[in-house]
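Engineer: Each chain, written out:
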Amino acid sequence: MKIRLLPLALLPAAAFAQAPATIETKLAALEAATKAAQSAGDNAWMLTSSALVLMMTAPGLALFYGGLVRKKNVLATMMQSFIMMGLITVLWAFVGYSLAFGEGNPFFGDLRYLFLNGVGAEPNGDYAGTIPHQTFMVYQLMFAIITPALITGAFAERMKFSAMLLFMTLWALLVYFPMAHMVWGKGGFLNAYLGGKVPSFDFAGGTVVHITSGVSALVCALYLGKRVGYPGEAIKPHSLVLSFIGAALLWVGWFGFNAGSALGASSLATSAFVATHFAAATAALGWVIAEWMKSGKPSVLGGISGAVAGLVAITPASGFVQPMPAMFIGFAAGVVCYLMCTAVKGMFGYDDSLDAFGVHGAGGTLGAILTGVFATNAVNSALKDAAGNPAPLGLVDGNGGQILNQAIGAGIAWVLAIVGTLVILKVCDLLIGLRVERDHEIQGLDLSMHGEEGYILES
Amino acid sequence: MKKIEAVIQPFKLEDVKEALKAIGIDGMTITEVRGHGRQKGHKEVYRGQEYNVDLLPKVKLELVIPSTRSDEVVKAITAAARTGKIGDGKIFIYEVGDAVRIRNDDRGDAAL
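Order-wise, the sequence lines are chains A and B. Residues in the first sequence are numbered from 1 upward in steps of one, following this note's numbering. Residues in the second sequence are numbered from 460 upward in steps of one, following this note's numbering.
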């Protein structure tokens, strides 16, 4: 309390002491104090959000995925998420941030922020004018970490650790950084706010994070082929308790992901927070109800998978839609993703081991399109028309054409993910080989890749 | 001497232990096992993928007793472990050649 009052109380006094106070100097001092107060508030929320989003990768996703595999692969699966916190962080500092957020061409950034050169305390007005540029940088890093970690669900229990590291390095460089630039970077092709050719709305990464990772996951699952013994009796989740804890952490972390994407502690952040929560709630119900009707029992795995599907689908829409549409988007995602992970996967027979595509690819695409339907300037008035009034956003504002723009954005993400992932997989396959040996796969990756076991209960 | 090997429902373990204690049987070894006889397993569903689990969790009790007490012990176990439904388990009875108490080299019934 004291600290907050000090600048307001002292600054005018200081001005008195130096020179006869004019109304101008008083106003200037007041303005500076107000700005500092807003910056402090916004920065506090954005640092908190950054930490929340990191928590989504580990322990959130690591536990969610770790529980879904067999116990001989629990450590290897958690490691695939965790190591992204190291690998992508280094890449991000060296070139990643610059390639994503440097003002380059519409498709990728330039090298102005190489080695984080020039990324300091001074805010970057193009992206977030009230928080240190470094806060914006580290917040965006957390997204770059979780996105490749999501893909690991598709090739769980069968990919070499070394091949995975090379794959993820190339994938971040060729797929994620360009896609992030297109949607969020200044001058990006799809950036609705900073001069994009095809203005597309993606508040927190439905396209950038979930479509790219989900679609790439499908390509990985198809390219690597099925696990030994799939589909078979012995392949089932070893601990839904771990998955449950992971999913619950994801739900909480997602508030940082979506409400943090307001880039400040504003009412827009509140709106995104509310939409996020309401969508997760109805999605959990949607999946459980669909499952209950179809297979007779409401499963726990269904409940938590539904919540994650809803969180995925609301991600692009979260800063643009009212609570009721958010609930609709969530419910739709729960039902659609349930069908994708059961009926559709069963029909085609691919082994997307932990349903990275069924949840993130399908949920992300659904969310991107529905954002075009429900986005409204009653929630987000940042986009102005020629006269300076809030521009109509989605179909509910009378701008039905936005649905097409959303589809183009999603389509670009699909194509980039498919082509990029195929090329990278081919390169990794030639250089290292993607799959572990059959014997190693049967033994489990914990022992064969890492020389450890997750559970040594007799010791 | 006889060895009694009983495979029972896990949730009946406490009842069986009580019944054996009541007739003065103190020693036993138990193992958590999985198996099935005529009982078929159950169905589990994970994200729409169905699994038929036919090897079900059971508890195996092993105890070695003087031959004279065999019938009494079997009766106590069957009475305590029975639900009357399929899956209650089985009891196998073996002849035992000898027994040795490691602590002091006692032999035969004295070692039990």
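What the hints contain is simulated information worked out from the structure, not anything from laboratory work. C-beta atoms are modelled at their ideal positions from N, C-alpha and C, and glycine is treated no differently. Check the hints yourself; a few may be wrong.
Facing chain B, a subset of chain A residues (Cβ under 8 Å, in silico) [what the hints assert, rightly or not]:
1) T130
2) P231
3) S295
4) S299
5) C341
6) T342
Estimated spans, in silico, between C-beta atoms of each pair [unchecked claim]:
7) A:M293 to B:G483: 38 to 44 Å
8) B:N511 to A:P298: 18 to 24 Å
9) A:K71 to B:G556: 38 to 44 Å
10) B:T490 to A:G451: 45 to 51 Å
11) B:H495 to A:A44: 56 to 62 Å
Straight line, CA to CA, 35 Å or less: simulated DSBU-like cross-link-like pairs of lysine-lysine [as the list claims (entries may be wrong)]:
12) A:K297 to B:K534
13) A:K72 to B:K534
14) B:K499 to A:K72
15) A:K294 to B:K534
16) A:K71 to B:K534
17) B:K534 to A:K35
18) B:K519 to A:K186
19) B:K549 to A:K297
20) A:K236 to B:K461
21) A:K294 to B:K502
22) A:K297 to B:K502
23) A:K294 to B:K544
24) B:K476 to A:K294
25) A:K297 to B:K480
26) A:K236 to B:K534
27) B:K471 to A:K236
28) A:K197 to B:K534
29) A:K35 to B:K502
30) B:K499 to A:K186
31) B:K499 to A:K297
32) A:K236 to B:K502
33) A:K72 to B:K519
34) A:K226 to B:K502
35) A:K236 to B:K480
36) B:K502 to B:K461
Engineer: Run every hint past the structure and note whether it holds.
Structural biologist: Each hint, compared with the structure:
| no. | hint | result |
| --- | --- | --- |
| 1 | T130 | 43 Å, violated |
| 2 | P231 | 7 Å, holds |
| 3 | S295 | 5 Å, holds |
| 4 | S299 | 7 Å, holds |
| 5 | C341 | 5 Å, holds |
| 6 | T342 | 3 Å, holds |
| 7 | A:M293 to B:G483: 38 to 44 Å | 56 Å, violated |
| 8 | B:N511 to A:P298: 18 to 24 Å | 20 Å, holds |
| 9 | A:K71 to B:G556: 38 to 44 Å | 40 Å, holds |
| 10 | B:T490 to A:G451: 45 to 51 Å | 30 Å, violated |
| 11 | B:H495 to A:A44: 56 to 62 Å | 59 Å, holds |
| 12 | A:K297 to B:K534 | 40 Å, violated |
| 13 | A:K72 to B:K534 | 42 Å, violated |
| 14 | B:K499 to A:K72 | 27 Å, holds |
| 15 | A:K294 to B:K534 | 46 Å, violated |
| 16 | A:K71 to B:K534 | 40 Å, violated |
| 17 | B:K534 to A:K35 | 85 Å, violated |
| 18 | B:K519 to A:K186 | 69 Å, violated |
| 19 | B:K549 to A:K297 | 32 Å, holds |
| 20 | A:K236 to B:K461 | 41 Å, violated |
| 21 | A:K294 to B:K502 | 15 Å, holds |
| 22 | A:K297 to B:K502 | 11 Å, holds |
| 23 | A:K294 to B:K544 | 29 Å, holds |
| 24 | B:K476 to A:K294 | 43 Å, violated |
| 25 | A:K297 to B:K480 | 41 Å, violated |
| 26 | A:K236 to B:K534 | 40 Å, violated |
| 27 | B:K471 to A:K236 | 28 Å, holds |
| 28 | A:K197 to B:K534 | 85 Å, violated |
| 29 | A:K35 to B:K502 | 62 Å, violated |
| 30 | B:K499 to A:K186 | 63 Å, violated |
| 31 | B:K499 to A:K297 | 20 Å, holds |
| 32 | A:K236 to B:K502 | 12 Å, holds |
| 33 | A:K72 to B:K519 | 26 Å, holds |
| 34 | A:K226 to B:K502 | 23 Å, holds |
| 35 | A:K236 to B:K480 | 40 Å, violated |
| 36 | B:K502 to B:K461 | 38 Å, violated |
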